[in-house]
Each structure stands twice: as structure tokens, then as C-alpha cells.
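Q: Letter by letter, the chains look like this.
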Amino acid sequence: MLRLGAAWDDEPALATAWRAARPFPHLIVDGALADDAVAELLAVVDEEPVWPYEADLFAFEATAPEPTTAELRALRAAWIAALTPRLARITGAAIGRADLRAYAYRPGHYLLPHTDHQAGLDRVLAYAYYLPSPAPPRGGELELYRCEVAADELVVTEPAAVIAPAPNRLVVFAVGTASLHQVREVLDGVRLSLAGWFYP
Amino acid sequence: MTDLGELFTARAALVVPAAIGAAAAAEARARLARRGYARYALVDRGSYDVVAEPDEAALCAALAALAADRLRPTPTAPRPTLAVVDARALRLGPGDFVLAHHDRVHEDRLLELVLDLSAAPVAGAEVHYRRGGQLYHRVAAAPGALSIVERDGGVTCHHTYVSRRQPDAVVRLVLRLRALAA
Chain A
0 MLRLGAAWDD
10 EPALATAWRA
20 ARPFPHLIVD
30 GALADDAVAE
40 LLAVVDEEPV
50 WPYEADLFAF
60 EATAPEPTTA
70 ELRALRAAWI
80 AALTPRLARI
90 TGAAIGRADL
100 RAYAYRPGHY
110 LLPHTDHQAG
120 LDRVLAYAYY
130 LPSPAPPRGG
140 ELELYRCEVA
150 ADELVVTEPA
160 AVIAPAPNRL
170 VVFAVGTASL
180 HQVREVLDGV
190 RLSLAGWFYP
Chain B
0 MTDLGELFTA
10 RAALVVPAAI
20 GAAAAAEARA
30 RLARRGYARY
40 ALVDRGSYDV
50 VAEPDEAALC
60 AALAALAADR
70 LRPTPTAPRP
80 TLAVVDARAL
90 RLGPGDFVLA
100 HHDRVHEDRL
110 LELVLDLSAA
120 PVAGAEVHYR
130 RGGQLYHRVA
140 AAPGALSIVE
150 RDGGVTCHHT
160 YVSRRQPDAV
170 VRLVLRLRAL
180 AA
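Residue numbers (numbering that gives the first Met the number 0), protein chains in the order written: chain A, 0 to 199; chain B, 0 to 181.
Derived by calculation from the structure, the hints in this document are not laboratory data.
None of the values given here were measured: they were computed from a predicted structure.
Honestly, I wouldn't trust all of these hints.
[Unchecked claim] Negatives, chain A to chain B, calculated, CB over 10 Å:
# : residue
1 : P22
2 : P64
3 : P106
[Claimed, not checked] Under 8 Å between C-beta atoms, here's a sample of chain B residues computed to sit facing chain A:
#  : residue
4  : A40
5  : L41
6  : V42
7  : F96
8  : L98
9  : A99
10 : D151
11 : H157
12 : Y160
13 : S162
14 : R163
15 : R164
In this text, a Cβ means the ideal position worked out from N, Cα and C, and glycines have one as well.
Based on the provided sequences and hints, a complete structural model is requested.
A: Following this line, the structure appears as C-alpha cells:
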């Protein structure tokens, strides 16, 4: 079982923060995992191979969509078991399963603005958990945009919030047609994270 | 009007180096700057400066003639007449990009020319053409170079992200050409 940090103890306060967050519902949980859990998690991730991925929207390294080691599969199961009930209570979202991949953003890597919303994929909540890095990154912030939608198209996009990839920080946000966000280019160092989505 | 397939035996995708000299490129950049760039910032599609009507008729005609020469199947074949459908100038600075789903759809076949008017090479700033998702023509940053690509509905294009780790902007004149009957 993955041990969560004390930051989760006050769920009503987290729920209030979720509802108040702008430009769209999101949650920032610092100290998301207990210290010993972070060390265990790092050891598991360190054994998983990563591959380069590049398209018009992104350039980064990531593990395969499906973990190759039993340890990472077990970690994913523990992650889901620990977080799903809490996030369901805090956000009010009906979630039941999740996926998980590890990401490494090195200098020059980025993920350009997109919403995560795709018809048929049923992504409800997106998350990113930032791991301690041997070379803490400069850049690599998560940037959220305020959007206006008309006729199913974004017609206004404005930067609205910037979240630094601080170690042991979990960011969760609601996925929708206007949940526009990006990972800013990493300029130095390495940004290490776990990320994925929660589904019904 | 003639279909491009009647003129060229294979679908073209090539780069002509040094299609324009540094001095002429600098003059073109200055003219475009005077004409004035508009900022495009719907960032789910792109982030760049654009001159939608660059008013570069002489330069466009010269590029069309150059493309017609390069695309003749044999040196002695008659040179086709290529008409400019439209043109625009793009300037991508650090942090800028144009995503593939912001690309104009081309249901019919035409030629797309991209002239690199940049003052200096911008590392990693490229134009990528894909067919069926597969990258088949990569246009590296090379001031003065002209890319010539035959396009149809199966081709997508994007301008890659320009890194913030370098200070320069890339300037591109983008033309679409159609073949006219002789």
C-alpha cells in the first residue's frame, strides 16, 4: 500500500480548494506521499526503461503505456488504490481506474498546449506527480490557460496559472473541452514525473 | 487548368539550397516587418507572427519560376506555368510553433513552397511533412533555402517548436502554387 502524506488529512479543505481553483478545477497537493514512499517509488521507476517520444505536440522520454516490470504494475495498482477513493471524495468525480507512466523531460523537451479531452477516451481527471530529480529542472512548469469556447472550438486562450514541478507535489485537474494546459520547455536539468488519467 | 500529376511524374519533395541570397533575404525581412506582423495566439493550434498578405509579387513569381524549373521531368521538357494561389509570411520566435491540426487542408493537389528568410540558422526549427502519419520531408533551418512539396489531402504539415534556449526567430515565406494549362 502506498503511504500518503499528511497533506491529505483535511479533505474538506482540499475539496474547497478544488472548487475554487481557476481557470478550471484543479488541486495541488504538496507532500503528497510519505517520505519513505517517495524513496520506494523512485527505486521502482528507476528500473523501468524509457523511450523517446516526439510529435508536433511534444518531445519527451516516457515509459511504455503498459509497465514492463511487475514492480511498476504493482506500484500502479497501489497508486490507484490509495488515490482513487480520496480524489473521488474531494473532486466529486466518479472514477474507478487509472493509468500511469513515468516521464523524463530533459533540456529542450516540452508538451505544447492541449486539453487532454478526446471523445471516447473518458478521461475524467488528469494528474502529474513530480519526483525528486538529481538535477532539478529550470522550466518544466505546468501552465494552465483560461479559455472561451464557441461552437466546440477554443476562441480565446490566455495563460492563467503556472505550477512549478516541485518534488513530491501532486497536481490533479478536471479534463474537459477547456482544460487547456502545457508543460513549458525544460531549459536545464531533468523534470521527472508520473502522470496519467483517472477514468470512470 | 492542369493537374500537377500530369506535369510531374513523382510527388515532389525537395529542398533547393541558396535560393535567395542573404542581402535579398534581409531586404525581404525588412519589407515584411514594415508591412507589419499580426500575432496568432490561439495556442491550442499555434503561436507565431504572421503577415497574411505579404505583397511580395516579384519574389513569389521568381520562386514559382524556380520551382517550375526544378520540377521539370527532363531539362528539355517545357516549363509549366505555376500560378500563386496565396502567400503568407510566418515569423516564429522562441516558444513558437504551428501544430499539424492548424495546417490548411488541401483536398486538391498543389505545390507548397517554403522560403527560409531567417537571418541565421535556428537550431531545431524545422518544417515537417507527413503522409499517413509518417514523416517523409523534413525541412531543416537553412537561411536562403527553398522547400518544394507537392501536397494533397493526405499530407499534413507542422512547424516545429522553437526552443527558448536560443534567442533567434525563424522567418518563412509560404506560398501555394497551382499549375495552369499551357
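Q: A separate judgement is required for each hint: does it hold in the structure or not?
A: To see whether the hints hold, each was checked on the structure:
At roughly 13 Å, the least C-beta separation between A/P22 and chain B is larger than 10 Å, which holds for a residue marked as non-interface. With a least beta-carbon separation of about 17 Å from chain B, A/P64 lies farther than 10 Å from that chain, consistent with its non-interface assignment. Not every beta carbon of chain B lies more than 10 Å from that of A/P106, the smallest distance being close to 7 Å; the non-interface claim is violated. At a threshold of 8 Å, the smallest CB-CB gap from B/A40 to chain A is about 7 Å, leaving the interface hint in force.
Interface hint status for B/L41: upheld, as the beta-carbon distance to the closest one in chain A is roughly 5 Å, under 8 Å. Annotation: B/V42 was flagged as interfacial toward chain A, and the flag holds, the nearest CB pair being 4 Å apart, inside 8 Å. Interface restraint check: B/F96 against chain A, minimum CB-CB distance 6 Å, threshold 8 Å, status holds. Given the 8 Å rule on beta carbons, the hint for B/L98 holds: about 5 Å separates it from the nearest Cβ of chain A.
At about 5 Å, the closest approach between the beta carbon of B/A99 and any beta carbon in chain A falls short of 8 Å, and the interface hint on this residue holds. A least Cβ separation of about 19 Å between B/D151 and chain A goes past the 8 Å threshold, and the interface hint is therefore violated. For B/H157, the interface hint holds, the least distance from its beta-carbon to any beta-carbon of chain A being 4 Å, beneath 8 Å. Because the smallest distance between the Cβ of B/Y160 and any Cβ of chain A comes to about 6 Å, under 8 Å, the interface hint for this residue holds.
The beta carbon of B/S162 comes within 6 Å of a beta carbon in chain A, closer than 8 Å, and the hint placing it at the interface holds. At a threshold of 8 Å, the smallest CB-CB gap from B/R163 to chain A is about 5 Å, leaving the interface hint in force. For B/R164, the suggested interface contact is upheld, since its CB lies about 6 Å from the closest CB of chain A, less than 8 Å.
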